[in-house]
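Numbering (my numbering), first residue to last: 3 to 259.
Treat the hints as calculated values from the structure; they're not laboratory data. Every clue listed holds true.
No more than 30 Å apart at the CA atoms, straight line, and that leaves these computed lysine-lysine pairs for DSS-like:
1. Lys80 to Lys253
2. Lys252 to Lys52
3. Lys255 to Lys122
4. Lys13 to Lys36
5. Lys80 to Lys46
6. Lys52 to Lys13
7. Lys238 to Lys211
8. Lys80 to Lys252
9. Lys13 to Lys46
10. Lys13 to Lys95
Simulated restraints on C-beta separations:
11. Ala187 to Lys80: 43 to 49 Å
12. Ala121 to Ala187: 39 to 45 Å
13. Asn21 to Gly84: 19 to 25 Å
14. Lys52 to Glu235: 30 to 36 Å
15. Gly31 to Asp226: 14 to 20 Å
16. Lys80 to Arg208: 43 to 49 Å
17. Glu40 to Ala187: 34 to 40 Å
18. Gln57 to Leu148: 41 to 47 Å
19. Lys95 to Glu73: 18 to 24 Å
20. Ala197 to Glu73: 37 to 43 Å
21. Thr25 to Ser81: 19 to 25 Å
22. Lys252 to Lys80: 17 to 23 Å
23. Gly31 to Leu163: 18 to 24 Å
24. Lys52 to Gln101: 38 to 44 Å
Note that CB positions come from ideal geometry on N, CA and C, so glycine has one too.
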Amino acid sequence: MLLAYIIRNDKITFGLVENGSLTSSASIGTDVQKTADEYAILLKNILDFKGISTQDFEGAICASVVPCLTEILRAAVKSVLGVRSHIIGSGIKTGLTIQTENPAELGADLVATAVGALAKYAPPLVLIECGTAITFSYLDPSGRFLGCAIAPGLSLSARALSSAAGLLPEVAYTAPRAVLGKNTAESLRAGTLLATASMVDGMLARIEKEYGVATVIALGDEADAILPYLDHEIIKDDALTLLGLSVIFKKNKRPKK
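Make the full structure from the sequences, and use the hints.
Listed below in structure tokens is the structure:
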């Protein structure tokens, strides 16, 4: 069994991959103040809760966009599982052709997601990750990563609006009843949720105009709030990043002597 994990700004997701399939996953909140021991306790509790032995793991691999936590989580995983994690970055073989000005600056999570998508779907592909930021990645018909667009995520936009305007509260993102609200909370839901959906539709239209028709895949917690309001046909697949990590692990696994 493989432990694949993603360290993002808002949460850390652990996935258990066996025979190329994601069998289980769990997430905890990201906290840069926590120590390796604290994260080790959380990971051990997750495994115990799911009835999984720490002896069952052949390795671990990580995609991190929070540099200050990368080695802390690596140490936590080592103390629990006794294996040293591969970290997506320099020196790791991914099999992904990245045609950007500086491939090294591409987020590890985007790399893993692209690899996972290519393992499951035929290109060309547009990959939309909906989290703190909303990212649009394009893979051409040959599977090459041609570029990415980054926009503020739904919750980030709402928090920024609330913090900048003292009379505007933060609200839960339930479905707006109409495009125009009749009170402040409804107006915020309609404005942020529907405007974000319109932005996503607009970006997809621009990508299609420039690069042609592609299969569109979305992932991330906030995608569920946005997808019902989109005009484009979109596949939801939250397993792609963890699947991609498992593919990359196989490419870098050292043969047993």
